[in-house]
Amino acid sequence: MSKRADDELPFVAVRDLRRVFDVSKPWLNRVIEGAPRAYLKAVDGVSFEIRRGETFALVGESGSGKSTVARMVVGLLPPSAGTVTIDGVSMNDAEAAQQRQQLRRRIQMIFQDPYASLNPRWRVGNIIAEPIRAFGIVEGEAQIKDRVGELLRLVGLHPDDSRKFPHEFSGGQRQRIAIARALASDAEFIVCDEPTSALDVSVQAQILNLMRDLQERLGLTYLFISHNLAVVRHMASRIGVMYLGRLVEVSEGKSLFSNPRHPYTRLLLDAVPDVAMVGKAREAVKGEIPNPIAPPPGCTFHPRCPLVFERCRIENPAIIDGVACHAVNAGRVVAA
Amino acid sequence: MTTLHPPKPRTPGRLARLWDSDIAFSFRSSPVTVAATLLALLLVLAAVAAPLIAPYDPFDPASLDLSDGFSRPMVPNEITGKVFWLGSDAQGRDIFSAILYGSRVSLLVGAASVLFSLVIGVGLGLVAGYVGGRTEALIMRVADVQLSFPAILVALLVFGVARGLIPPALQEQMTLLVLVVAIGLSNWAQYARTVRGSTLVEKNKVYVDAARLIGLKAWPVMLRHVLPNVAGPVLVIATINLALAVIEEATLSFLGVGMPPTQPSLGTLIRFGQQYLFSGEWWILLFPSLVLVLLALSINLFGDWLRDALNPKLR
Amino acid sequence: MSSEEAVPVVSVRDLTVEFVTRRGTLRALDRVSFDVGRGEVLGVVGESGAGKSVTGAAIIGLIDPPGRIAGGQVLLSGERIDNLPPDQIRKLRGKRIGMIFQDPLTSLNPLFRISEQLIETIRVHSDLDAAQARARAIALLDEVGIPAPERRIDSYPHEFSGGMRQRVVIALALCAEPDFIIADEPTTALDVSVQAQIIALIKTLCRERGTSFMLVTHDMGVIAETVDRVAVMYAGRVAEIGPVRDVVKQPLHPYAQGLMGAIPSLEGQAQRLVQIPGSMPRLSAIPPGCAFNPRCAQAFARCHVERPELIAVGDRRVACHLYDQPSSGSAGAEIVS
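Line by line, the protein sequences are chains A, B and C.
Residue 1 is where the first sequence starts when you use the working numbering, and the numbers rise one by one after that.
Residue 1 is where the second sequence starts when you use the working numbering, and the numbers rise one by one after that.
Residue 1 is where the third sequence starts when you use the working numbering, and the numbers rise one by one after that.
The shape of chain A in the complex, shown without the other chains (with noise of 0.2 Å):
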C-alpha cells in the first residue's frame, strides 16, 4: 500500500450526500387516517472533503444528521444520492465492487456507546482477533494472539485483559478496546461517532489524549462526529457544523472559533455552557430546532435566523466560500 504522492487528491471526497427515511405511518393508519407518507430528509445535499492525515469534525445538535453522514461514509448505510469517494475508490459504484472489498479493511469506525459496541458474549481476544481473521491480517493462532496483545499494549491495556469479557471493564477501557479493535485491520480512516459523549470528563481526555498519539504515530484520518465544539475544537484541524441535515459551514478549525460566519455556528458558540465562561453574563439563544419532518421552506435556520430577509424564506442557500447564507455571501454581513 504506497503512499500517493500527489497529495493533491483527497483521501475521502463527499459529493452531495443524501438520505432519505420513510417515516410514514403503517399502510393500515395511512389508509384509515388518510395521513399521507411522510419522509425525513436526514442529509440534505451534504459535500466535503478530508485530506490524509488530517481530523475533519462534523459537528451539530440532534437531528442535525451527522451521524446519518458517518455512517454513509463507512457503508453502513447506502446514500439516497450521493457519492462517497475514498482513495480514489467509489463506495457506491457497482464496478468498484472488487476494491472496495479491498478498501473495507482501511475504513474502520468507534462508536458513541462502549457498552453496545462489543459483544458481551465475546472475549476481548476474539473481539479484536476477528478483524485480524476475517481480513487474513496474520497467519496462525500464535502471532494473532501476539498481534492482539500488541494492539491492547498500544491502546494502555494489558495484553492478559483479552482473556476477559467486556462487562469486566470500565467504559473508558471498553471504549480503547473499540479502538484496538478498529485499528486491528491496520485500518488508516477512522470514523469516530460521537466516541467520547458517553464517557466522563477524565475518562474522555485519556481517550482524546490516545486518539492524538495514535493520529501522530500511525498517521490515521479521522472524520470526527460530536456534538460537543469543545472536544472538536480540540481534536479537528478542519470542522464542518451541520443543521437539519445540510452543512451549513465548514472552516478551518481555528478560525471557526475565532471568527464563526454562519449566523447558526455563532449561535452555538454562544449557546455553549463553557468553563472559561465563568461568572460571565450571556445572552440567552432564542428558539428551538424545527421538527425534521417538515422542515421550515429556503433556509432551514431562517426562523431562527437575526440576519433574515426575503430570499432566504424562499431559496436555500448553497456552501459560497465555506459558508451557506444568504446574508453572509451577499456581504450583508462583514464577519467580525
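Don't take each hint at face value.
Below, computed lysine-lysine pairings styled on DSS-like, alpha-carbon distance capped at 30 Å [claimed, not checked]:
1) C/K249 / C/K203
2) B/K82 / A/K145
3) B/K82 / A/K25
4) A/K41 / B/K217
5) B/K205 / B/K217
6) A/K145 / A/K164
7) C/K249 / A/K254
8) A/K164 / B/K217
9) C/K95 / C/K203
10) B/K82 / A/K164
11) A/K25 / A/K41
12) C/K91 / A/K286
13) B/K217 / A/K145
14) A/K254 / A/K25
15) B/K205 / A/K41
Rather than coming from a laboratory, the hints here were simulated on the basis of the structure.
Once you have looked at the hints, place chains B and C on chain A.
Coordinates of chains B and C only, in the frame set by chain A:
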C-alpha cells in the same frame, strides 16, 4: 504507554467463581428451585439409567408371567409371591419398571421435539428479525396462523397426515419420529416470535455494525454475533416447553394416537391405567400420573426460576 | 464554617448513605457536609459513581432499600428532616423541596393535560379554588418562559418539545413555592441551544424569587455558568467546596485540578488535555486514607493512611493533606494549565 491496571489479586478458580456468581446465588437462595432441580435431575437420571435400575424388563415378553397380574404395591403376589414396589398391571408387568422405561420414552420425545421446534423456530425467528421486510412478514404471519390453532390440534393433524403417508408396516417404528415432528411443529412459533423480538433489538446494537464493517456476510453475523445474545430467553422457553412437550406427548398417547403399547410412554401407561380405575386397581393409573405431574412440575419450577434469573428487569 | 446570622436553607451534616448487598456494605456517601444559603445555587459536580445523585435523593428521603441513611443529618431551615417518618417527608417533597430530573417525561404524566397536573399540584399545596389555581398555573408557565401560556396550558406533555417540557417541569416544581429545588442533570437531555435557555431560567428564578437550588450535573460548563458555589465530589466524599470562580479557575484539590484540566475549553490554547490516570474506584474497593491517593501525583505517606477532613483554605474547604501542613505555603496551589 502505561497499563491502567493495578496489580491483580489472585483470581479464584472457575468453580469458586461460578459458586459466587449472582446466578448461582439466586439459585442457592431459592429452596423451591433447588428441590425442583434435584427432583427433575433424579427423574431424568432414573429414566436414562432405566435398564440398570429397573428390576424387570417390561418389554421382554419371556419374562412376563400372567399370574403376576394385578399385584398390589409392596404386597407379595398371592400366587407367585413376588413383590412389586408399585404393583403390576394386567399382564404382570412391573409398574415401577414400566414407569422408568415410560418416562424414558416421554423425555426422549419431549427433548427431541423441543430440539426440533427450537431449530425451526430460532432459525426462522433469526431470519425474520435480521432480514426484515417481506420475509419477516411471511414468516410471522405463518407463525400467527400456527399460534391461533391449539397445539394439540396441530399435533393431531400432523399425526393424521403422517399416518396416511407412511406405509402401515413401518408405522409402529416411525411413531416416535412422527410424534417428535408433530409436537415440534406445533410449538415452533413461540421461539420464532421471541427470537425475532430479541433479534430486532440486538441487530440495532452497534457491535453488529462493527461486525458488518469488517465485511462479514449476513449468516456469520447472525450465527456468531446475534444468536449468542438471543439465547437467554430461548433457553427459558425451551425449558418450560420441555414440560409442555412431555404433557403434550402424554395427551396424544392418552388419546391413542401416540406411542404404541409395545413402547409405552407415560401417557400410554396412563391410558391403560384409567381402564382399571374403577375396578380397584388404582396403582396402575396413579403412579404413572404422579410421575408425569412431578416431572412437569419440577421442570416448570426450574424454568420459572431461570426466567427470573435471566431477566434483569425482575431483579 | 464561619458564624453566619442567617440559617442556611439546607444544611447537610456528615451525611452517610450505605447500600447493603450480599457482598458487604457499600458506602455511597461518606460524611458529606455542605450548606445552601437562601437564593443560592449550589453546584454538585462529579463523575459517574461520585455520589452526586445519591446526595440529592438522600436529602429528599428517596433512598430505597437496600440503601439507607447510615449517619449524619439533613436540616431544612434548621429543622432535622432526615429522621422524619415517610408520610411526613412525602409532604415536604414538592411543598418545601422541589425536584427537577434529567428526563422531563418522568415528571409528567403523559395521560393528563399540563393544566390538570399543574392545577392539581397547586391545589394540594394551597387553598386556592379551581379558577384561581388555573390563573396561577398560567402565571407560572409565563414565568418559566412558555409562550402563549393561556393556550398551551391545555396541551399534553407530548405536544411540547424537550426544552419546553423541562420548563413545564420547572413550573411544576415551583407550584408550591418551595424554598429549595434539587435539579438532577436538568440540562443533560437537551440540545446545547436549549440548555443555555434552561440555565438562564434557573438563574432568573433564583434572583427574582430567592429560591435556592442544588444543581447536580457532570457538566462543568453548566456549573461554571450557573452556580454560586460548587462542591466537587469524588467516591462519595466532598473533595473541595467553594465559590465557583475559585474552584474552576484555581482548583486546590489534586482531583479538582485534574478534572478542570481534563475539560476541553472553547477559550485558550487547544493543547494536550490533562489526564488523570485510572478511573474512580468502585464503591466496593475504595482505598484506605484519601480515596484519591492511587491516582494522585502528589500523594505522600499520610494520604495512604489517614482520610483528609475538609479544612478551610480562604473561602473554600478542601479535603486534602497538602493543605494541612504547618508550612503548607504554596504546595500544589498552582493551577495546572
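A quick look at each hint next to the structure:
{"no.": "1", "hint": "C/K249 / C/K203", "in the structure": "holds, 21 Å"}
{"no.": "2", "hint": "B/K82 / A/K145", "in the structure": "violated, 67 Å"}
{"no.": "3", "hint": "B/K82 / A/K25", "in the structure": "violated, 76 Å"}
{"no.": "4", "hint": "A/K41 / B/K217", "in the structure": "holds, 29 Å"}
{"no.": "5", "hint": "B/K205 / B/K217", "in the structure": "holds, 17 Å"}
{"no.": "6", "hint": "A/K145 / A/K164", "in the structure": "holds, 14 Å"}
{"no.": "7", "hint": "C/K249 / A/K254", "in the structure": "holds, 23 Å"}
{"no.": "8", "hint": "A/K164 / B/K217", "in the structure": "holds, 27 Å"}
{"no.": "9", "hint": "C/K95 / C/K203", "in the structure": "holds, 21 Å"}
{"no.": "10", "hint": "B/K82 / A/K164", "in the structure": "violated, 61 Å"}
{"no.": "11", "hint": "A/K25 / A/K41", "in the structure": "holds, 16 Å"}
{"no.": "12", "hint": "C/K91 / A/K286", "in the structure": "violated, 37 Å"}
{"no.": "13", "hint": "B/K217 / A/K145", "in the structure": "holds, 24 Å"}
{"no.": "14", "hint": "A/K254 / A/K25", "in the structure": "violated, 44 Å"}
{"no.": "15", "hint": "B/K205 / A/K41", "in the structure": "holds, 23 Å"}
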